[in-house]
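*Asks:* Protein chains in written order, with the working numbering: chain A, 2 to 333; chain B, 56 to 358; chain C, 114 to 421.
No lab work stands behind these hints: they were computed from the structure.
Below, computed lysine to aspartate or glutamate pairings styled on DMTMM-like, alpha-carbon distance capped at 25 Å:
1) C:321 with A:92
2) B:248 with B:177
3) C:321 with A:48
4) B:204 with C:194
5) A:135 with A:160
6) C:413 with B:185
7) A:80 with A:92
8) B:204 with C:157
9) C:321 with A:91
10) A:71 with A:86
11) C:321 with A:186
12) C:413 with A:152
13) A:80 with A:97
14) C:321 with A:12
15) C:413 with A:160
16) A:135 with A:205
17) A:132 with A:178
18) C:321 with A:14
19) A:71 with A:283
Computed footprint of chain A on chain C; a stretch qualifies when at least three of its residues, placed anywhere within it, have a C-beta under 8 Å from a C-beta of chain A:
20) 320-333
21) 409-417
All values reported here derive from a predicted model rather than from experimental measurement. Backbone N, C-alpha and C define an ideal beta-carbon position, used for all residues, glycine too.
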Amino acid sequence: MTPPVPTPWLEVDDLWIEFVTRRGIVPAVRGVSFAIGPGESLGLVGESGSGKTVIAQTIMGLLQSPGRVKRGAVRWQGKPLRFGDRFPRDDVRGHDISIVFQDALAALNPLLPVGTQITEVLTRRFSLSPKTAKERAVELLALVGIPEPRERVRNYPHEFSGGMRQRAMIAIALACEPKLLIADEPTTALDVTIQAQIIYLLRDLQQRLGLSLLFITHDLGVIAALCDRVAVCYSGKIVETGPAEQIFARPAHPYTQGLLQSSAARDDGRDRLLGIDGTPPDLLALPPGCAFAPRCFRADAACNAAVPPLAGVGVDHAAACIHPLVGAEAVR
Amino acid sequence: MVAEVASSAVKMRQPAWWRDYAAVFGIAVVVLLILLAVFAPYIAPHDPVIPSLRLRLKPPVWMDGGSWTYVLGTDHLGRDILSRIIHGSRASLIAGVSVVAIAGSFGTIVGLISGFVGGRVDTLMMRWVDVHIAFPGLLISLLIIAVLKPSLGTVVIALSINGWMVFARLVRSIVLSARQLPYVEAAEVIGCKPVRTIFRHILPNLAAPLLTLAVLEFARIVLAEAALSFLGVGIQPPAMSWGLDVASGRNYLFNAWWVVTLPGLAITITVLGVNFLAGWLRVVVDPYEGEKRFARAVANREG
Amino acid sequence: MNELSWFVVRRLFQGLVVVLTVTAIVFVVTRLIGDPVAIMLPLDATEAQRETLRRALGLDQPVYLQFIDFLRSLFALDFGESYWQHRPNIDIIRERLPATFQLVGAGMLLAVVLALPLGTVAAMYPGRLPDRITSALSLVGLSVPLFWLGLILIYVFAAQLRILPSSGPGTFVHLVLPAVTLALPSAGRLAMLVRSSLIDELNAPYVKTAVAKGLPLWRILGVHTYVNAAVPTLTMIGWEVTRSLAGHTIIVETVFAWPGLGLAAIQAIQREDLLLLQAIVFVVALMVVVINLALDLVYKFIDPRISV
Chain A
2 MTPPVPTPWL EVDDLWIEFV TRRGIVPAVR GVSFAIGPGE SLGLVGESGS GKTVIAQTIM
62 GLLQSPGRVK RGAVRWQGKP LRFGDRFPRD DVRGHDISIV FQDALAALNP LLPVGTQITE
122 VLTRRFSLSP KTAKERAVEL LALVGIPEPR ERVRNYPHEF SGGMRQRAMI AIALACEPKL
182 LIADEPTTAL DVTIQAQIIY LLRDLQQRLG LSLLFITHDL GVIAALCDRV AVCYSGKIVE
242 TGPAEQIFAR PAHPYTQGLL QSSAARDDGR DRLLGIDGTP PDLLALPPGC AFAPRCFRAD
302 AACNAAVPPL AGVGVDHAAA CIHPLVGAEA VR
Chain B
56 MVAEVASSAV KMRQPAWWRD YAAVFGIAVV VLLILLAVFA PYIAPHDPVI PSLRLRLKPP
116 VWMDGGSWTY VLGTDHLGRD ILSRIIHGSR ASLIAGVSVV AIAGSFGTIV GLISGFVGGR
176 VDTLMMRWVD VHIAFPGLLI SLLIIAVLKP SLGTVVIALS INGWMVFARL VRSIVLSARQ
236 LPYVEAAEVI GCKPVRTIFR HILPNLAAPL LTLAVLEFAR IVLAEAALSF LGVGIQPPAM
296 SWGLDVASGR NYLFNAWWVV TLPGLAITIT VLGVNFLAGW LRVVVDPYEG EKRFARAVAN
356 REG
Chain C
114 MNELSWFVVR RLFQGLVVVL TVTAIVFVVT RLIGDPVAIM LPLDATEAQR ETLRRALGLD
174 QPVYLQFIDF LRSLFALDFG ESYWQHRPNI DIIRERLPAT FQLVGAGMLL AVVLALPLGT
234 VAAMYPGRLP DRITSALSLV GLSVPLFWLG LILIYVFAAQ LRILPSSGPG TFVHLVLPAV
294 TLALPSAGRL AMLVRSSLID ELNAPYVKTA VAKGLPLWRI LGVHTYVNAA VPTLTMIGWE
354 VTRSLAGHTI IVETVFAWPG LGLAAIQAIQ REDLLLLQAI VFVVALMVVV INLALDLVYK
414 FIDPRISV
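With the sequences and hints as input, model every part of the structure.
*Replies:* Structure, rendered in C-alpha cells:
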C-alpha cells in the first residue's frame, strides 16, 4: 500500500453543508475533513442521511438548492474549487475528477445512445475526431468488460442490463481519463453477484490505471475489498478514520464497531442487525454532545456534555469518542 | 444566488406576492361578474336594447365629446356600452355555469363508471374519449349549431358535447389512483359496497381537483361562447353577449375603437380573473403545491 | 413484417377509427338530430320540392343504408354539390385549402420560433425578464379572445400606424396580421410548456451526470434536455396545429376575411349549406388524423422506448 504523499490530490477541509427546509436549517455535513493522495483509495462509510452523498456531490460541484456550503473548502492539488454555480465549469470536474452514480438508469440520458454519451466527453476533452472518438468509446466499453462493445455503443441505456449499465456508467466516468474517481454507492442498486463483479472491476481499474478512488457506501464489507483508508460518517461528522486494516481489526468508535458487527451478521446469514439500537438522530435536534451518545452502550454524562473532537487512537488512526474502545474491547 | 437556484428547482410561475394579488383580483372579478349578472336591470344606467340614432358612437367620458351620462360611450345604434356590458355578463355566466354543470356531471359519471367497472367498459369509454378529444371542437360545434339553429341553448348543448371528456379523464385517473390507496383497498377487501367506498373515500379526493378543473373550464367556456357569438352562430340579437357586441362594432373599428375594445376587455378581464382564481385554487387545495410555495418563500427570504 | 410497419398499421387503424367516429357524429347530427331538408330549403318550398330533395339525399332509405351510403360517398371524396355555389364541394375545398395552409403554416412557424427561445431562457433564469414575458404571453394565450386580439391588432397596425393592411388576401404583408394573431396565444402556451418541461429535465439525474462530465451549457441544454423535452413539446405543437385547423382558423379567417377553409365553414353556415360544412368537417378530420400519425412516427424516432 502506498503511504499518503505530502501533497494530497483532493483535500476536503472543514466542510460544512446545510439545507434550508420548512422545518428549519438541516446541518447535513458538519466540519468534515479528509484528503486523498495519488493512487490512494478512501472509503466513506455511513448510514443513509449521514451526509456522505452530499459530500460527493459538493466535490463535483453538483450541490443544489436548498443545499449550500456554509463553510470550508474543497481543494484539488492545492487549488480551491468553486461551488454554488448551477452549471459549474472548471478544468477539474470532468477532467481530473469524475463520478459514478448509484442509479445508472436514471443517471444516463435515456434518449441518447451509450456511445454518444461517451464520445461527447472525448470530443470535448481531447478534441478527438468523431471517428477516433467512436473507436475510443469501443475501447472504453471493452475496458469495463462489456461484451461485443462494437455493437453496444449504438444501444440505448434501457437496452442494457443493470450490471452492464453500471459498467457503461463507469466507462463514461473514465472517458475523461480522471485522476480521481468518486463512486457513490455504485453497487447498491444491483444484485449481490453483480455487486461483486463491479467491485472487482473497480479494484482492477484502480490498479491498472493508477486511479485515486473515493468510494462511498453504507456497507463496510465492500470497503474491505477495495479501500486503503476508511472514514466513518455519522450525522454529518467523521467519527473515525484510519487505515482499513486497523479499523477492521480494532475499531475505536463504538459506532464503527456496531457497523462491523451488523455487517458481519449479514455475512453470516443472520438477517437482523446486531450492534446498533435506535435510529440516527434528527439533524434538526442534535444532542449537545456526541451525536451517537443516545444509541451508545458506553455513553455517560461526559459524552452528552460536549462534542468530542477527532483524537488519535493509534498510528494514523483517529476517533471522535471520549471513551474509545481499546485492547480486547475493540475486537469485534 | 440561492434564491435563483431554489426558484428554478421548484417550478415557479410567479413570485408569491404576485400570486396573492392575482387571487384577490380573481375573486373580485368573479364576485363582480355574479353581482352584475344577477342585478343587471338594477345596476345598468340605461336601457341596453333601445336604439337612439341621435346618440350614435358617443366616445367614453375621458375623451373629447364624452359625457358622464354614457361613461363608456355608445355603440353604432346609440346604445349605452356600459349597460350592454352589464347585461352581457348574463350570457357568459349562464353559458359557463350550465356547460360546466352539464359537461361536468356527465364527464364525472363516465369517469366514475370507467374507473370502477374497469375492463372492457373502461377501455371502450376511454377510446371514445381519446377519439373525441383528438378532434378539437369548434368545427363540430358549428355543425351542431347549424342543425339546431343558433341560440343560447344551442351554444350550451354544443359546448357541453365537446366539454365532458376532460372531466371523465380526470375523474377516472383519480378513482384509479385512489383505489390503490391502502385504506380504500382495505375498505374494498372487507366488503364495503362500492357506493359506500365512493362516498366515504373517493369523493373527498375528487372534490378539490374537480373544483379547480371546473373553474378552468368555466374560463374556457366564457371564451368559447364569446367566439361563437362573435361568429354569429351563438347568441342572437336582441339577446346580449360580449362577443356579439364586438362583432357589431367591427365595422366601426377605425373611427370608434371603444365599441369593439370595451366588450372585448370585459371578456379578457373575466377570463383572466377566473384563470387567476383557478391558479390560486390549485395551490390552496394541493398540499404539494403548498410545500413548493413555502420553499420558494424561504429561498427568497434567505437570498 | 417488422416492428415499425406494425406500428404504422396499428396507428393507421386507430386513425381510421377517429375518422369513422367523426363521420358517425356528423351523420347523427345532420341526419338524425336535424332535418337537412328543412334546413336547406326555403320555408315556402312546396312538398314536392321537399320530396325531391329528400330522395336526392337518400333520406327515404332506412337509416343504416343511409349511413353506409354516406360513408361510401365520403371515402370516394364525393361530398356532393354546394347549395351556395352550385358546384362540387370538393372543388370549393380544394380552392380554399392553400390559404388555410399558408395561414396555419406561417402562424405555427412563428409560434414555435417565438416559443422555443423564450421558453428556454425562461427555464434557465426563472423570475427574470424573459420568464416574465413568457408568463405574460401565456396569460394572453389563456385569456384573450382570439377575435378580439385580431381586431386590436388591426386597430393598432392598420388604423393607427397604417403600416399593414387590415384584411383580405393578397401579398405576403396581408398574411402578417392573421399569422401573428394565430401565433401569439399559441406561442404563449407553447413557451410555458417548453419552460416547464425544460425545468423538469434540468432537475433530472442525467443532467447531473452531464454537468459532472464537464459538458458546456449549450450541449447540456441543446442536446441532453432538448431530446427529452422533445416529445411533450411536439405533442403540444401538434395539438396547437390541430386546434388551429379545426377552430382558430375559423375565427382568424373571419376577422381578416382570409379566404380559407374556416371562412368557408362560416359562409356555409350563413348560407345554410349543410353539405359543404359537412365536407369541411370531414376533410379537417382527415388532416387531424394524418398529423397525429406523423407525430406518432416522429415520437418513435426520438424515443426508442416507445412501443405501439
